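**Q** Residue-level listing of the chains:
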Amino acid sequence: MDLKVGFFIQGVGGVTPVGATAEQTWDEVVRGAEAVRQPLPKGFGGRSYYYSAVPAKFTAAAGRQPRLRRSGTISLLGVTAGLAALADAGIQLEEAKKGAIVFAIACGGVDYTRRFYHEVLTEGANVASPLLFPETVYNAPASHLAALLKIDGRDYTLVGDSSVGLSALHFASQLLAVDPALPFCVVVGVEEADWVLADGFATWRMASNQTSFPVFGPRQGTILAESAAAVVLSRSGWLRLVETSAGLPFFSQKEAPAALADVVARVCNGRTPAGILSSANGTFADRVEEAVFASQFGSTPVYAHKPATGESLGASALLQLVLAKFALEQQKLPPTLHAGDRLQTVTRGVTEIHGNEVLISSVGFNQQVNAVLVGR
Amino acid sequence: MQRVFITGYGIVSPLGGDNAENLKSLRNGTDCVSPVTAFDVSKTRCRTAGQVTDEWLKEPMTRKNRRLDRSSLMMLQATREAIRTSGQFSPEIMVIATSSGGMSNGERFYRSLIEPTGRVGAAQAVANYMAQKPVLDVQEKFGWRIPAQIVSNACASGTNAIGHAFQLVRAGLYDSVICGGYDPLSELVFTGFDSLQAATPDKIRPFDRDRNGLVLGEGAAVLALESEKAAAARRATVLGEIVGYGVSTDNYHLTQPDPSGIGPKLAMKRALADAQLDPASVEYVNAHGTATVFNDATEGKAISELMPGVAISSTKSMMGHALGGAGAIEAVFSLLAILHQFIPPNINFRQPEPDWRFRVVGNEEEPAKIKRVLSNSFGFGGANATLVLQAAH
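Going down the list, the sequences are from chains A and B. Last residue of the first sequence: 375 (numbering that gives the first Met the number 0), numbering continuous. Last residue of the second sequence: 392 (numbering that gives the first Met the number 0), numbering continuous.
Extracted from the complex, chain B is given alone in its bound form (with noise of 0.2 Å):
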């Protein structure tokens, strides 16, 4: 079994287009949801989202690169980063998740049929559609020429891809994987949370007795994995380690948890038990915590019952629910939590269920002594995922 180590991290998201800015808007608490520009929401209750300025994503005016979609545009981002952190990284494989994929050139397409502006960028449309086309947009961009997975489970796809990569180091299957994710806002899948009534027309509270359901966000981050004998043979500077993954299905109903938080407390326990640790070896819980009444329920009942006492965030708060890309952008948070000492705010907190027996740390950063680190990610379908992180030593 081979140690596995992270030697570098991307992200790009409503709180930053590089890392630096991430971990600046991370630290402040930065409220980074405003009103939605990227199409009509006069007619939806939620009318606020997590959002990447089109100005971090700007490329060279090249013809290829004029045809970029935003997704690989906020993938090509956060690959750099990565590949900047990590120095010489070459990736033998790409492990990389998203929940809506080329949905918004779906629309684009469609909406090429049904309306009077003709078929212009039709092709394009189409051709940007196939959720693995952002990937093999880094890939070519980057030079590479590596088999691509594509896990698409929900909400919980970040986690799981980045879960699945850790496995294949560990394995001794292979030594360096770039892993994360991606999703861009839709307008679909805006109107489809919105129809849910899972979507809030207020601020997203997530853990707040009064919270009363999710915003969107979007963005992308990706992780350069490598194992233990690759990083030391390049001299990498390791900058956190995953020591463990578990996964869980609930199958109690297609878009909500089975109440008794059974889904979210299996990932969990089988995470540590597969990272080896008792609960009350780690420090911070980064939660899903979308802040609907039902999934921070199920969430909540199960650290309270698995890790009572333990300091819990979710940083959604900040930039909203980003789907596919959530549980990528989140160990992002988490292992800046780790190599910078912190716990990262949850904003918008007003006051927590009487019953539940953690710490939500609202509103403000908190200094923290950070050696281990949850990661948890839910998701229709029943799709639950959490990663263990630890600092490097």
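Just chain A, with the same shape it has in the complex (with noise of 0.2 Å):
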């Protein structure tokens, strides 16, 4: 069941590498930036990738909180996203601890992880630091905001695929709807990234080792990218969530246009959308969602963030949401940048949109698809 939801987007938030706000990203990538690429830190086999990350400062407020003290990035980043958020939305901190939190992750916190097995690994389990465990654990991010907000209620971590973003908005409508005295619900989607994690990805043809990628043109893979994207959900605001879905699951790439399709008519209803912000990252899901575009809306200009912040899993369907934002209430679209000839309503330049609706389309790397409808 796809809930047909009367909630709003009151807030949003966000900490991109290119960018220490949702506006400032916005900005940026309206403006034609691409995020720096660095070498990510020796690996293994002499295989070498490129990341993209948050620059310090951008999250040294929340490393200066106690509670963050021995936090891995994505704890940093998610709160980061998440205070700025609220501070959107103009909750107040004594306010926030009435209500919830969800946050959204694909792969977690990789950085501790992979130091604590390798200690564990090549030192010998008796002498693993007892300080990098806690933080592996997915949920360690989402305490960390609820305890800054002195949270005492509903706090809850979703995993999932590049998709859980959306799979976490989904989810927090859910417990609004069920809850009427809950005022509102911070979503956060977060992702922090590292050797392995892109070697994984790699494995699967999936991770580029250039500085670039295009999208909707050859398929060389992408490159991943540390960021946050936070929403505050709430009853009333001025962002409309039109309609969400929980996803659809596909088991083969062949199926994952139809997978997208049947979501996709599903929240927009009949409805064309004015412009449409997109997941591909220079993998397969840009084939399914060039497929699903160019039969439904066949002149609706697409845009796609990934080729200037990066692939950032668990934030990107979260961020896509956050520059939906700004879309609509600028009327226009950034350029895509590196975009291929594969999709021709994609935009190449700033492109003016028409209309007060966009969809946020999402197809994950892990066998989920999911989108949302967005109002002004």
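Accuracy of the hints is not assured; some may be wrong.
[What the hints assert, rightly or not] Straight-line distance between alpha carbons at most 25 Å, and here's what the computed SDA-like set of lysine to any residue pairs gives:
(1) Lys57(B) with Asp17(B)
(2) Lys370(B) with Val292(B)
(3) Lys149(A) with Ala180(A)
(4) Lys228(B) with Arg144(B)
(5) Lys253(A) with Arg144(B)
(6) Lys202(B) with Lys63(B)
(7) Lys370(B) with His252(B)
(8) Lys42(B) with Val126(A)
(9) Lys97(A) with Asp257(B)
(10) Lys97(A) with His252(B)
(11) Lys63(B) with Trp203(A)
(12) Lys97(A) with Val242(B)
None of these hints come from the bench; they were simulated from the model. Predicted model only: the values in this text are computed from it and were never measured.
If you follow the hints, you should be able to join the two separate chains into one complex; please do so.
**A** This is the structure in structure tokens:
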């Protein structure tokens, strides 16, 4: 069942390789900026990959919180974005404790996980650091944000692939639907990256070893990035969730277009969005979206942010949603960097849109698709 | 508001490979903790765990089945049992929990990088690493194509997943949901608990005055939940009912509970309030009961204050702590307690803390008239959750 909701995005937050805030990220992608790609620290087998890091100064304030003094990058990013979304929503800390938290994560604290396991294998299980292990748990970032906000109620972490952000949004809608006393829900998507994760992607030919990648063109793989994006979902606001979905699975890449078409048809329900924010990332996902967009929305402009910011997995779908807010507000879509010629409607420069609704589409790398329609 | 019925259940745990074997071991108080065989434990303090026997997880040897991970095999087995007990159950969504997901596949992949054995199996390890993979494998096997929500709230995950599913059905958002959880044993997690000195080299002794730590376990369990309307429409046998769910977040510390017991107490109070029940109406608490000094102290304090005199046991004493699977496994054990009118034993129990005001059902099962059970799960990050299960009537 898709949830026909009366919920709104009351505030947005984000921290990405190109911006310390959601607004700065938007400004940079509109300007055509591309995140700096730096080599991931040395791995194995002579294979090298690039990624886009969030500059440390962007999360410095979170790092000064005593609770976060031993935390990894993923927690600093998640807390930074979550607090920013609350501030954007005008929710004071005293009021924040009445809300709920839902985090969306794909791979979690990969840096601490790798370090801990490396210690186990190379130095012995008896000397592995007890400081690292707790931060490897998927829900560590959510628990840190809950502690800072003094939330004593609902605090969930959802895991999945790069579509998990939209699943988390739907989950948050469900929380608001089943509990009329719950005023709002902070939904945070977050991810960090390391060499092992990039190599895992490369094993399935989904990671590029270049410093940029095309979308809707030759399939060269993606470049990972750190990021966090957050929204405050509440019962009032400027940006309306027209329709969300819990998503659908697919069991082979061949089946993926049908699954996405199904979800998109359900959330759009006959409406044509003014623009589409795509999850294209230089992998098979591009082919899936090309097929669906071309058949269902032949002339709707499509923007893909990942060539600019990188693929940030658990954060990426919510980052699309955050960018959608600005797109609707300013009635334009940024240019898609390195856009190939397989999809004619992809934005090649700043593109005006005319309408009140945009579609966010997400094709996960591990068998899940999702979409949401938002309107002003 | 819809009533939420349990119309099917399935479990695979160290206690057994199917529902019947689990019930038998649960009633007998079988100690299913044994020396770890899956990885090297020569350097850890704790060297035992509750383990699911490989023989219980056999699937026909097709090309596709050979790729299935242990987590997928456990989830398949549990789901098969749930479908068998529920009859023609057709779920609209799956809400499934895990804490460590495909961590053992992450380990396999990392070993393939640093050990001379090469990269055989590395690609499959990556595919099986994702936490949703066992859930999607189940869907593919059963011919379902439905949404999947994967909840990961550490050791409270299983209870959170069932609680969320319960709320969805109660609110009328869905009529039929498969919910539960899984977690396989993994070297990283095993070593992690050992590094925190939370694991014991001794027997696991929940609520014993001389308890000194947990042992880990593994397994999977699922429940088929249906609205009253849906269950009636297909004349399903109602096995039990979920009537309440409560959550709390304890912000004291990432890995340690607030000594005041406020986290567990709030979760239980909220679950009872959600069910509109008085604490005295609950006959049995299936406690989280990890047997660590601090966890049992806080849970014991909370139960003492909220439900003095109640009978409790920790079924982890028989199989260890299955983390994200624990809440689901213990929900099934709670259901079995209701269905068969007994309190499962808290084995390895010797003597209680002097100031606790509840009764630990130690070492042997106890026949009892049980109408309502509270099932507790508490985890890292201060994630606390409680379910209230009730007999069908």
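**Q** Now tell me, hint by hint, if it's right for this structure.
**A** Hint by hint, here is what the structure shows:
no. : hint                     : result
1   : Lys57(B) with Asp17(B)   : holds, 12 Å
2   : Lys370(B) with Val292(B) : violated, 31 Å
3   : Lys149(A) with Ala180(A) : holds, 18 Å
4   : Lys228(B) with Arg144(B) : holds, 23 Å
5   : Lys253(A) with Arg144(B) : holds, 15 Å
6   : Lys202(B) with Lys63(B)  : violated, 39 Å
7   : Lys370(B) with His252(B) : violated, 36 Å
8   : Lys42(B) with Val126(A)  : holds, 9 Å
9   : Lys97(A) with Asp257(B)  : holds, 20 Å
10  : Lys97(A) with His252(B)  : holds, 20 Å
11  : Lys63(B) with Trp203(A)  : holds, 18 Å
12  : Lys97(A) with Val242(B)  : holds, 24 Å
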